[in-house]
Each structure stands twice: as structure tokens, then as C-alpha cells.
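Use the sequences and the hints to build the structure in full.
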Amino acid sequence: MLPETDIQKLAVESRQRLIQEFADTYVNMRERVRRVPDADARKISEDLSCPLEVAMVSYLISMDGILGVRQAVDLFTTELGRRASIGEDVPNLPGNIMEFAIIEGRWISHLYGSFSRQLELQCRSLANLEDVVDQSNIEVEKALSIVALRTKLAETIISPILEEWVKDHVKSTSADTILVFGQAITRWNRNTLSGKFKQIIRRNQAHFRMIRECLTKSSDSFTIDATIARLDALIDELGKPFEKLTFRAVAHFLIHLVPRPASGRGDRSPFVDVGVSSTRGNKAEPDLTSPFDFLERDVKLARRRKGEERAEYLVERIGRVIRVLKYQGNDLMVCIEKSFTEIQERFDLNNVSLDNAIASAKAQISDAPISERDMLTIRLVHGFIDTHVYSEEQNY
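With positions in the sequence shown counted from 1, the corresponding number in our numbering is that position plus 28.
Hints listed in this document are in silico derivations from the structure and should not be mistaken for laboratory results. Since the structure is predicted, the reported quantities are computational estimates derived from the model, not experimental observations. Do not rely on the hints blindly, as some may be mistaken.
Okay, derived cross-link-like pairs now, SDA-like style, lysine to any residue, Cα gap no bigger than 20 Å in a straight line [claimed, not checked]:
(1) K354 <-> D321
(2) K71 <-> T105
(3) K71 <-> A39
(4) K245 <-> D260
(5) K71 <-> N379
(6) K195 <-> K354
(7) K366 <-> N379
(8) K245 <-> A176
(9) K272 <-> T105
(10) K334 <-> H416
(11) K268 <-> F320
(12) K268 <-> K334
(13) K195 <-> V118
(14) K224 <-> P269
This is how it looks when you write it as C-alpha cells:
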């Protein structure tokens, strides 16, 4: 177990990183919002019935490949509605609304961007340990490792972020934090998430009780006694009403929501797996392994959509593919080449001059400012699909 002093030290470091990231994002977003095309922002505002300032920041979130415009606007609208319901309406003045949009926009960008991605990556080691926690004879060392890793994730990474979020969201409750952070982690809608609250809480408590039972059968030691005391406190905290959960309880609850990698093992713990999976659509799809397998399916699914809705859908999906390719160590030039080549092969685009298309795209990326290259790459892949795949499929 980490000593309390180390937990506090790591929590302070996490909070400082977040504050610095937000300080940079705040300045950057305020500058970028001035360059949002007025016509595009007004169209979003009119189509989705939202304030112009919200439309401008939603446009930026979409351009960054984090969420589609409609999804971003829905999140802004939900928070505006929450504030109105508690008598803390945002004044209907352009300056106040813009300030709200920028502050909320940085939270949306963080939660649906780096936070959810990094949390899933950091939970992989935990998932490997917890896969078989369904027996009373679990090794003591493994039980202690699970509690230690969960504590580190919950109390040094998630809790500080929860505390900062509450500071920016007046009169918010622990139930609000679960909804907001839970949606970012699972991508479920609010009703689905709310409906699973009690089930996940019970599974979380059962998981802790199983670990506790294993530890009580071991010889006494300070470490085991301290771990049992921590588990007892967590089980008790998780039993409180959702509006009164501690930050620590919420953090452990959120860890239980993090998608677990799909595996073919038959001994997965029933105390952890609650139907959340990192495979697409929470389904077991063994044929979808490469990022381009997903992209191929998404391109086919997008045929059912039209106009802006199709564009938003594809931009978001392509953004995920590019982020995965970058995570695998590819630079943007390689990403664009791989994307064009895979699309040509998968959709039999025999009449496309691939070399010219790749060369033109690379030149555009090279000429663009560094801060805009990621989004430009996504737009170029989208343009390639729109121009060549859909134009050649007259049956759809």
C-alpha cells in the first residue's frame, strides 16, 4: 500500500498537471475561437438552437476530432440546464456565455480526450490482475496488489480531477460527477448510465468484499490490517446516497466503469465485468482488430447518413484511427499514406491515382501550422473517402 503522504504528494502533482494543461488550453482556445468561421458558427447555432458562443467552441472541439458538433452542443446544453435548475443560470450576455463556453469546453476536451484515453490505458494492468478475482483462495499478494493499484489510480489520478471539476461547476453533487465523468469513460447516454448506477455500485462493493475475505484468512500484519480497514471504509462510503458519495468513492466507482480489454478467457471475474468492453459497441467482434477494420465498417455504416450528419460521424471515427496510429508510433505523413492505401485496397478504388493523392496530402500537411496538422490529416482522409468511396458507390 502507498503511504498516505505519497498518495497526497502524487495527488498534488496530478492536480498541478491538470491546472497547467488547462491554463494552456484556456489561452489557446480563447485565441482559436476568434478564428472560427462566422458562417459555420452561425449555421451550427441555428441548426442546433444553441448560443453562438457555444457553437464556436463546439466547432473547435469537432475540429480537434474529440466529439462531433452535435454531441458537444448536447453536453453544453446539459450543463446549462443543470445550472438553470439550481438557480445559477449563466447570464444571457455574450461575454458571460463565452466565458462559460471556454471553461466548459476545456473540460469536455479533457474528459473526452486525454483523460478517458489515459485512464483506459492505465487500467490495463489492473484489468489483468482482476480478471480472475472470483475465488476465495486468491493469493494475498495479488489481493494487495489490486487494492494498491486501485488506490493509486483512484486517489492520485481521478480524485484530484474530480475536485477541480467541482470547483468549476457551482453546486454540483457527486451524482453530477458520476454522470459527467461516467459518460466520458463509457460513452453511454445519461439514462443508460443512471440505470446502471445501483448495479455497478453493488458489484464494486462485492468485489471489495471478496478481496477482504481473502485477506482476513491470512496472518496478521500491519499492511493487511491497513488494507482491510481501507476496504471497509470504501464499502461503507459506496453505500451512501449517490449525491453524498465522497470523491474517493466516486473515483473507485469510475474505475469500475473503465472498459476492460476483451479476452477469450472463460474465467473473467463476475465482480468486475459489468458489460463494459473496449471492443466497438460493447460487442465481441474478433474480426475487428486493426484500426482500419473499424474504419472500413464505419465508412459502410456512414452510407446511411447524409450531409453534415455523415461528415460529423466520419470525422469523429477517422480521428480515433489517426490517434491510434500516432500512439503506435506513426507520424502524420505515415498516417495519411497508410489511410489512403488501406481505403483504396478495401474499397477497390482502382481508378484512383494513389501516389498523386498521397503526395498532395503530404504537401498540405507540411505547409500547415503544427497545431492544425492533426485535424487537417483527419479532414484529408475524410475528403478522400467522400470523393472516391461514396462517389463510386452509386447504389447507396
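Right, here's what the structure says about each hint:
no.	hint	result
1	K354 <-> D321	holds, 17 Å
2	K71 <-> T105	holds, 17 Å
3	K71 <-> A39	violated, 42 Å
4	K245 <-> D260	holds, 16 Å
5	K71 <-> N379	violated, 36 Å
6	K195 <-> K354	violated, 33 Å
7	K366 <-> N379	holds, 18 Å
8	K245 <-> A176	holds, 19 Å
9	K272 <-> T105	violated, 25 Å
10	K334 <-> H416	holds, 16 Å
11	K268 <-> F320	violated, 44 Å
12	K268 <-> K334	violated, 46 Å
13	K195 <-> V118	holds, 16 Å
14	K224 <-> P269	holds, 14 Å
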